[in-house]
Each structure stands twice: as C-alpha cells, then as structure tokens.
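Participant: Listed below, chain by chain, are the residues.
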Amino acid sequence: MGAEFVQLSLTPMLIGVLAAIACALPGNFLILRRQALIGDAIAHVVLPGIVVAFLITGTVAALPMLLGAAGAALVAVVLIEAIRRLGRIEPGAAMGVVFTTLFAGGVLILERTDTSTVHLDVEHALMGNLESLVWFAADGWGSLIDPAALAALPEELPRMAAVCLLVAALTALFWRWLKIATFDEGFAEALGLPVRAIGLGLVIVAAIAAVAAFDAVGSIIVIAMFICPPAAARLMTSRLGAQIAWSVGFAVLSAVLGYVLAGYGPLWLGQSNALSAAGMIATVSGALLGLAALFGPHRRREGAVAGA
Amino acid sequence: MLDGLGEALLLRAGYNAALVGIGAALLGFAAGAAGTFLFLRKRALVSDALAHATLPGVGVAFILLVAAGGDGRSLTGLMLGAAVSAALGLWVVEWLARRTRLTEDAAIGAVLSAFFGFGVVLLTHIQTLQAGRQAGLESFLLGATAGMLRQDAIVIAAGGALAVLATWLLRRPMTLVAFDPGYAASSGLDVRRIDLAMMALVMAITVIGLKIVGLILIVALLIIPPVTARFWTDRSGAVIWIAGGLGAVAGYLGATISASAPALPTGPIIVLVAAALFALSLIFAPARGVAAALLRHRRFQARVHRRQGLLAIGHGETILEPFTLRLLTAEGLVRPDGVATEAGRAQAARIARDERRWAVAREIHQDAALSGRYDGLTPIDAVFTADEIAEFDRRIGPPVALGGA
Amino acid sequence: MPEIALAARDGHRVPPADADSAARAALSIRGLTVSYGEKPAVFSVDADFPAAAMSAIVGPNGAGKSTMLKAVLGMVPRLSGTVSVFGAPIEGMRRRLAYVPQRASVDWDFPATVRDVVLMGLYPQLGLIGRIGGAHSARAEACLARVGMADFGHRQIGQLSGGQQQRVFLARALAQEAELYLLDEPFAGVDAATERAIIEVLKDLRAAGKSVIAVHHDLATVRSYFDHVFLINVRPVAQGPVATAFTSETLHATYGGRLAATHLDELALAAI
Chain A
1 MGAEFVQLSL TPMLIGVLAA IACALPGNFL ILRRQALIGD AIAHVVLPGI VVAFLITGTV
61 AALPMLLGAA GAALVAVVLI EAIRRLGRIE PGAAMGVVFT TLFAGGVLIL ERTDTSTVHL
121 DVEHALMGNL ESLVWFAADG WGSLIDPAAL AALPEELPRM AAVCLLVAAL TALFWRWLKI
181 ATFDEGFAEA LGLPVRAIGL GLVIVAAIAA VAAFDAVGSI IVIAMFICPP AAARLMTSRL
241 GAQIAWSVGF AVLSAVLGYV LAGYGPLWLG QSNALSAAGM IATVSGALLG LAALFGPHRR
301 REGAVAGA
Chain B
1 MLDGLGEALL LRAGYNAALV GIGAALLGFA AGAAGTFLFL RKRALVSDAL AHATLPGVGV
61 AFILLVAAGG DGRSLTGLML GAAVSAALGL WVVEWLARRT RLTEDAAIGA VLSAFFGFGV
121 VLLTHIQTLQ AGRQAGLESF LLGATAGMLR QDAIVIAAGG ALAVLATWLL RRPMTLVAFD
181 PGYAASSGLD VRRIDLAMMA LVMAITVIGL KIVGLILIVA LLIIPPVTAR FWTDRSGAVI
241 WIAGGLGAVA GYLGATISAS APALPTGPII VLVAAALFAL SLIFAPARGV AAALLRHRRF
301 QARVHRRQGL LAIGHGETIL EPFTLRLLTA EGLVRPDGVA TEAGRAQAAR IARDERRWAV
361 AREIHQDAAL SGRYDGLTPI DAVFTADEIA EFDRRIGPPV ALGGA
Chain C
1 MPEIALAARD GHRVPPADAD SAARAALSIR GLTVSYGEKP AVFSVDADFP AAAMSAIVGP
61 NGAGKSTMLK AVLGMVPRLS GTVSVFGAPI EGMRRRLAYV PQRASVDWDF PATVRDVVLM
121 GLYPQLGLIG RIGGAHSARA EACLARVGMA DFGHRQIGQL SGGQQQRVFL ARALAQEAEL
181 YLLDEPFAGV DAATERAIIE VLKDLRAAGK SVIAVHHDLA TVRSYFDHVF LINVRPVAQG
241 PVATAFTSET LHATYGGRLA ATHLDELALA AI
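Residue numbers (my numbering), protein chains in the order written: chain A, 1 to 308; chain B, 1 to 405; chain C, 1 to 272.
Among the hints, a few may not be true.
[Stated by the list, open to error] Some, not all, of what chain B presents toward chain A, calculated at C-beta under 7 Å:
1. A106
2. F116
3. P265
The hints are simulated quantities; they were obtained by calculation from the structure and are not laboratory data.
Predicted, not measured: the structure shown is a model, and the values here were computed from it.
Built from N, CA and C at the ideal position, the CB exists for glycine as well.
Kindly generate the complete structure, drawing on both the sequences and the hints.
Facilitator: Dropping the structure here:
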C-alpha cells in the first residue's frame with residue numbers, strides 16, 4: 001500500500017466516497033418525503049440532460065453537463081407533475097412514463113451521435129467507470145504535498161469535492177426549511193414558507209449530486225447512493241440529525257468497502273481481474289441496508305401505525 | 001433506410017425479423033394489458049424493481065451455463081435465471097415494505113439499484129471469463145434484435161403468445177381485484193393469490209421482453225400503454241384492451257423500425273413509439289386530454305364568476321372582483337361603471353328565483369343526495385322535474401320586485 | 001352586535017358585507033370559491049369571524065370546512081375570492097396567525113422528538129440559521145407545559161397517543177405567539193382528558209384577547225365551547241353568535257336529512 005495505492009486507488013476511492021455522501025444527503029429527505037423514486041427518475045434523466053448539453057455545446061465540460069442535467073431534472077419534475085395533475089394519473093405511473101421516455105430519448109441520441117472523440121457511451125453512462133479516474137502524476141504519499149502532482153489530479157476529484165461541499169452547505173443552510181416542509185407541508189405553507197420551491201430545490205440539488213456522481217458511477221448506481229445509505233440510516237435511529245450522520249457513515253463505508261472488494265477481492269480469490277467498483281459499491285450499500293433491516297434498533301415503525 | 005423500413009414493416013425483412021416483429025407485438029399486447037392491472041393497483045413501479053433485479057440472475061445463469069460446459073448463449077437458460085432473481089427482488093421489496101418502517105418506494109429504489117449493481121459486478125466478472133463466447137449480455141440492458149438466432153426469435157414469439165393467453169385467462173379475476181379489491185375479497189376471491197399471479201405474469205413479460213426491450217426500459221411497456229389508454233376511456237374493460245392494442249402497436253413498430261437501420265437500439269425505439277402515442281393522447285384526447293381540460297377549466301371558472309356576479313347583482317351588492325366585472329361587462333350584463341344593465345337584472349332575477357326554488361326544495365326534500373347538489377352551479381331543472389318545480393313556485397308565491405329597482 | 005342571517009329561508013346571501021365589519025373581523029372572507037375538478041367544494045363564501053372570540057366552522061362531512069380553511073391559507077388554489085386578516089391582505093399577516101393542521105395529515109414516524117416539533121413554531125423568528133437559545137428552549141418548554149406535556153419533550157413523536165399528538169400540534173401553534181389561531185378538527189379522535197386540556201388552552205387564548213377559529217364536527221359541544229358559529233354545506237348557510245345562529249332551523253338547513261329531526265331538536269333544546 002504505497003505508491004501504487006496513491007496512484008491507482010486513492011483518487012477513485014475518494015471520488016466514490018464524495019459521490020456517495022453528496023447523494024446520501026438529499027437522499028435522506030427524498031426518502032422521508034416518500035419521493036425515493038424521484039431519485040430514481042433523476043438518475044435516469046441525467047443521461048439525456050448530459051447528451052443534449054453535449055449536442056448543444058459540443059464539449060463535455062463540467063458546467064454545461066451540470067446545467068444540462070439540472071435542466072433535465074427540472075423538465076422531468078415539471079412533466080411528472082403536469083401528467084399527474086392533467087391526466088389525474090397516480091404519481092408512480094406518471095414518473096414511470098416520464099423517466100423511461102427521457103432515458104430512451106437520451107440513449108437514442110447518444111447512439112446516433114458521434115461521440116467517439118469524447119468519453120461518453122451508453123455502457124459508461126449506465127455503469128460508470130470509477131477505476132479510470134487514476135492519478136498518473138502521483139508516485140507516493142509525498143505527492144499529496146507536491147504542487148505539480150496535485151495540479152495533475154483527475155479533474156473529477158476537485159469537481160466532486162466541490163459538489164459534495166455545496167450539497168452539504170445547502171443542506172445545513174436550509175436544514176430547518178427542509179425539516180419542516182418534509183414533516184408537515186401544510187404547516188410550513190401556513191408559515192408562508194415557499195414549500196414548492198423547497199421541494200424543487202431539493203430535486204435540483206439531488207440532480208447536481210447525481211450528475212457529478214454519474215461521471216464516476218453511472219446513472220443506475222447513483223440510485224443506490226440516493227437510497228440505500230439513508231434507508232439503512234433510517235433503521236438505525238429516530239432522530240433526524242443522527243439519521244443524516246448514520247447515512248454519511250454508511251455512504252463512506254459502502255464506497256470504501258465496495259472499492260476495496262472490487263479491486264482487491266478477486267486478487268484474494270486468486271484471480272487477477274478487478275470487478276466493477278461502482279457495481280460493488282451499490283452491492284455493499286444494499287448489503288448494509290439488508291443488515292440494518294435485520295438488526296437495526298429502529299427497524300420497525302414507532303408506536304402504532306400512524307395515520308391509520 | 002426508408003426501403004428497409006417499408007420491408008421490415010411488411011415483414012419482408014427476413015423470417016427472423018418477422019418473427020421478432022410478431023413477438024414484440026404479442027409482448028407489447030400482453031405488457032399493456034397486464035400493466036393495466038399493475039397501474040390500477042398503483043404498483044406500476046414495483047415492476048421497475050423487478051426488471052432491474054433480473055440482471056444478476058442473467059449473470060449467474062451465464063456463469064452456471066459456462067461452468068456446465070456450454071457457451072452460455074441459451075436464451076431459455078438466461079431467462080430462467082432472470083426469473084429467479086426477479087422473484088427474489090420482488091420478495092425483498094415486499095419484505096422491506098412490510099417488516100421495516102421503510103415505505104415501498106424506498107424499498108423499490110433500494111432493490112432496483114443494489115440488484116443492478118450486483119449484476120454489473122457479475123458482468124465485469126463474465127467479461128474476464130475465457131470460456132464461452134462473449135454472449136453480448138449487455139444487449140439485455142437496452143434490448144437488441146439485430147443478429148438474433150432463429151431459436152431465440154421462436155422463444156420470444158412463443159413466449160409473447162403464451163403471455164397473451166395467460167392475460168386472457170386471468171382477465172376476470174384480475175379485473176375484479178384491480179378495480180375493487182374489497183369487493184373481490186368479499187365475493188370469495190383470494191386477493192393475495194391473484195396479486196401473486198399478476199406479479200408472476202408481469203415477471204414473465206419482463207423476462208420475455210429482456211432480449212427485445214431490455215431490462216432498463218421494459219417497465220415503460222408495462223406503464224405507458226395503460227396510462228395512455230386511461231385518457232381514452234373510463235370503462236374498465238376497455239382500458240385493458242386499448243392498452244393492449246397500444247402496446248402491440250408500440251412493440252411492432254418499434255421492433256421493425258429498429259430492424260431497418262443500424263444503431264437504432266430496439267428498447268429505446270419501442271419506448272419512444274409508445275411515448276409518442278402517449279403524448280398525442282395527453283394533448284388531444286377528447287374528454288381527458290389537456291386541451292379539452294384547459295378549455296373546460298376556463299369555462300368552469302367563467303361560470304363560477306358569472307354566477308357569483310349575478311348573485312351579487314341580485315342582492316344589490318357591488319361586484320369587487322375585476323375578473324367577474326370584465327366577464328359581465330363583456331356580456332353586456334353590467335355597464336363599465338359597475339351598474340347592472342336591464343339584461344343583467346333580468347338574469348339576476350332568474351338566478352334569484354332559482355335560489356328561492358332551491359330553498360323550498362331543500363325544505364321539502366331533506367335528503368343528502370338531493371340537497372348535496374345545491375352547490376351553486378347545478379341548475380335546479382337538472383335535479384327536479386318540471387312539475388316539482390311548479391310546486392316550489394306555488395309555495396313561493398307571486399314574483400316580487402328585485403331590491404335596488 | 002352582528003346580526004345573523006339565514007340563507008335557506010329566502011335565498012339571501014349570508015352576511016351583509018360592509019367594509020366596517022371586515023375591518024373589525026379577525027378573519028374576513030369575500031366571494032371564496034374552491035373546486036376540485038368541476039364540482040365546487042366551497043361556493044361563494046362571505047364570512048367575518050370576530051376578533052377576541054372563539055368561532056366554529058360547522059357542517060356535515062364533505063361540506064368543505066377544511067377546504068375552506070386551507071383555501072384561506074392558500075394551501076389549495078382559490079377559484080375566486082379574497083381573504084383578509086385584521087383588515088389587511090393575508091399575505092402580509094402570516095406572522096400573526098398560527099395553524100393547527102389535522103393530526104392525520106402528517107407521518108408521525110418522522111424522525112423527530114416532541115421538542116423538535118414544538119420548536120418548529122419558532123422557525124419564522126429563528127430564520128434559517130439563528131441559534132436556538134435558552135429563551136427559545138424555555139418558551140418551547142412553557143408551551144408544552146400549557147398543554148400538560150412538560151415531561152414529554154424528549155419523547156419520539158411516533159410513540160405518542162392521538163391525543164398527545166394533538167397537544168403537541170397545539171403547543172407548536174402556541175409557540176408562534178400569534179393573534180389568530182386556525183385549527184382544523186382539533187378534537188377529532190382525541191380522548192376526553194385531551195379535549196378538556198385543549199379547550200382550556202383555547203379559552204385562555206380568548207381571555208388574552210386572541211382570536212380562535214376551529215373546524216368542528218361535534219354539534220353537542222358547539223354551544224358550550226364557542227361564541228360564534230359559521231354553518232356551511234358547500235355554500236354558507238348561516239353565521240353569527242351561537243345563541244342566535246345555531247338553532248334547529250339553521251341546523252336543518254345545513255344538514256338536511258342527514259341528522260334525524262329529533263336529534264336536531266334535542267340539540268337545540270339542550271342548548272337553550
């Protein structure tokens with residue numbers, strides 16, 4: 001665990017950890033608002049958002065991608081809401097219509113567009129490519145204080161770090177609004193809080209987290225980051241603050257353990273080829289949720305069934 | 001390309017392509033019809049978890065097939081594996097939603113992503129296997145019909161036919177349970193078993209659709225046609241058959257268009273055809289479409305404001321809301337300075353008379369069903385017969401001059 | 001003395017709406033119509049609720065009582081109508097009103113303690129990131145004590161009984177220190193002790209000059225609890241002081257055949 005670890009594993013692992021945290025934070029609120037599947041929908045529409053942004057700008061620069069994905073998420077949410085209301089269609093079905101359609105559109109455009117010059121293809125979009133985010137310039141732990149090597153960090157790392165920081169800062173800043181609009185929307189509305197804007201803001205933040213993480217882990221596994229750590233955390237505690245802390249812990253554990261198992265697991269079993277790190281991270285997060293569901297101290301609903 | 005499309009649409013693009021087109025149409029029909037039950041049970045997205053959960057099953061089946069000495073390309077074997085892991089995924093969703101405080105949506109998302117993640121892990125493992133040809137398992141993600149083997153096409157067409165048959169056989173109990181589970185239970189049906197049969201049917205459709213539509217988008221074929229059909233009818237039986245028809249059209253058109261040119265992945269094309277039908281219905285459907293609804297809402301709002309304005313005139317009150325005022329002015333019922341015209345006063349008098357009739361009616365008929373229709377908008381002659389109204393008028397007595405005159 | 005008016009008898013609209021009564025009222029509604037789809041849920045409501053009094057909104061199930069309250073607060077879109085609070089448009093007056101939603105409108109499995117919920121009443125004052133100081137905590141404790149739940153601050157909200165949940169919601173509203181309290185079915189499904197505790201708190205509020213308006217469904221207690229009543233069945237039926245507006249006649253007009261006539265007479269007699 002020396003130079004090779006720093007060069008090949010440190011950055012992907014860090015990116016995985018940051019991506020997991022950035023998604024888990026809004027995921028907590030999505031789950032409490034019974035909008036877990038909005039996370040699902042967002043993760044799916046990131047692809048068309050990015051593809052359209054690429055078609056318009058011709059580059060895969062970070063900002064247009066972020067805007068494209070956030071825009072797609074917004075379009076998706078508006079469409080879902082419109083279909084739900086205008087057609088009087090149940091939200092789950094409205095969501096199903098919208099995200100499959102947008103995703104199909106994204107895949108089709110991607111297949112029909114020449115993206116050979118850039119790193120954008122369907123498989124990558126679905127499964128991500130965490131392993132490729134290596135730090136070539138590094139030659140050991142010393143590189144962490146070597147300005148030249150630091151300058152050559154894969155650009156995904158600072159981007160993911162910035163997004164993670166942004167998500168954390170927004171969660172902290174709007175903590176009270178999120179809490180009250182999630183628990184009791186009617187009361188929040190009576191206070192004059194902009195509950196719709198809060199809901200939409202949450203979706204946009206989730207979309208930003210998703211697009212940053214998408215690069216590393218792909219669109220479907222992002223869903224695992226949104227849902228599994230917060231869901232597991234929900235089974236560990238009945239305090240919101242503690243739940244957020246647990247979810248961050250589970251996110252970090254999933255990312256680190258998943259990355260290590262994918263990279264080194266096969267070696268331990270005598271095989272030479274690594275497995276998909278993103279897939280393994282999702283698998284580990286699911287396994288952690290399974291353990292929490294079996295043994296978590298707060299796995300049952302509190303008291304009598306509420307609202308019954 | 002257009003020639004290719006024409007040929008494909010007319011089933012002249014070869015025996016395989018024709019089989020696939022027919023198979024996709026049958027599959028689409030079964031998916032649309034079975035999806036209707038899912039939609040009405042509000043469980044549309046459970047099928048998404050189920051579909052994504054097939055991936056590890058496909059992977060494990062491939063590994064086992066290779067270990068057993070085959071080349072891992074047996075579609076039936078892979079489909080069997082997919083069915084087993086989909087069933088496991090479904091069981092986990094139900095267990096999480098029932099036994100923990102997590103809600104069903106969270107359970108669906110968790111199963112969908114974790115199973116898919118594990119499937120991806122298995123795929124990366126399979127890519128390193130020496131034995132077996134690279135079976136193109138990736139094609140199970142988004143569907144691909146190009147270069148399909150004859151026996152696979154037969155399996156899909158036969159599977160589609162079986163799914164349609166099963167849907168037809170199960171239609172009565174499933175309709176009952178979907179529309180009114182309470183009544184179904186009271187008439188002796190085992191709702192739980194029928195739900196299970198419904199999920200089994202959905203699972204079978206998912207598995208058959210893997211190769212054509214792919215596991216990420218198969219859910220669209222289960223959701224979009226029923227939602228589309230809902231725009232065209234309120235009759236339960238009709239929804240099922242319309243959804244089936246729409247699914248068949250989407251499946252057939254999608255599969256043949258995709259076969260007509262390279263780089264047109266089958267799954268997305270099928271979904272987009274279905275989505276186009278949906279968008280058309282959403283906007284233009286006569287009763288429930290958006291255009292009709294917008295028009296209706298504008299008219300309704302105008303009706304409310306008009307009525308409230310005339311009531312106010314009847315009571316000699318001033319009309320405060322600008323919209324009401326504009327509306328009545330435009331109809332010549334009120335002068336621009338807010339004073340009612342002769343016509344406006346006549347209309348107001350008629351409404352005031354109906355109000356008095358309602359008052360009498362509600363004293364005579366003290367039952368909820370009738371007085372519940374006293375909502376300000378329902379005209380009295382829509383509720384009572386002419387002779388009943390004449391009786392109200394008799395009780396009211398001769399007309400009186402309106403206040404303010 | 002506000003006069004009562006009865007719509008059923010002569011087809012007249014309910015209150016004589018003049019600017020004066022609107023200015024004196026704690027809550028004043030003009031021309032409010034709300035509809036779900038094509039069916040009006042509330043039609044053409046004019047109403048004035050007096051200040052420093054306890055008012056009840058009464059009517060059968062599905063008569064639009066809660067919808068009316070929600071439309072006042074802007075939670076469901078109004079098809080028409082204006083709402084003012086103490087003579088000013090409601091939008092600028094939100095800090096002066098407190099709302100107690102129906103208990104069943106939230107998921108009590110939410111990860112929070114009783115104290116967390118009560119503190120939500122202080123959020124408008126605290127702003128986004130203001131620190132919760134000793135004074136705020138003390139106020140939350142005091143509000144809990146007023147509803148008899150001083151020792152429950154650290155209890156998980158999912159562990160509360162229905163009555164306790166209702167008390168927590170009331171404590172949260174008290175923490176807002178508002179002028180006007182709007183309550184949606186505060187007595188629905190609560191135990192007798194809780195009902196007594198809640199009514200005591202509401203009476204204290206009135207004594208302190210606050211205004212209280214509650215959606216209420218128990219006809220038997222209207223007279224003993226409230227000063228003013230507003231009867232509605234999609235359309236306003238009658239309003240005024242309980243003594244004059246809450247009669248067997250107005251109840252007939254509101255409920256139609258839904259209540260046995262004898263029952264109505266009993267209620268009206270018992271009230272006299």
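Participant: Compare the structure with each hint and give your call.
Facilitator: Hint check results:
Hint status for B:A106: holds, given a least beta-carbon distance of 4 Å to chain A, under 7 Å. Hint status for B:F116: holds, given a least beta-carbon distance of 5 Å to chain A, under 7 Å. The criterion of a C-beta within 7 Å of any C-beta in chain A is met by B:P265, whose closest approach is roughly 6 Å, and the hint holds.
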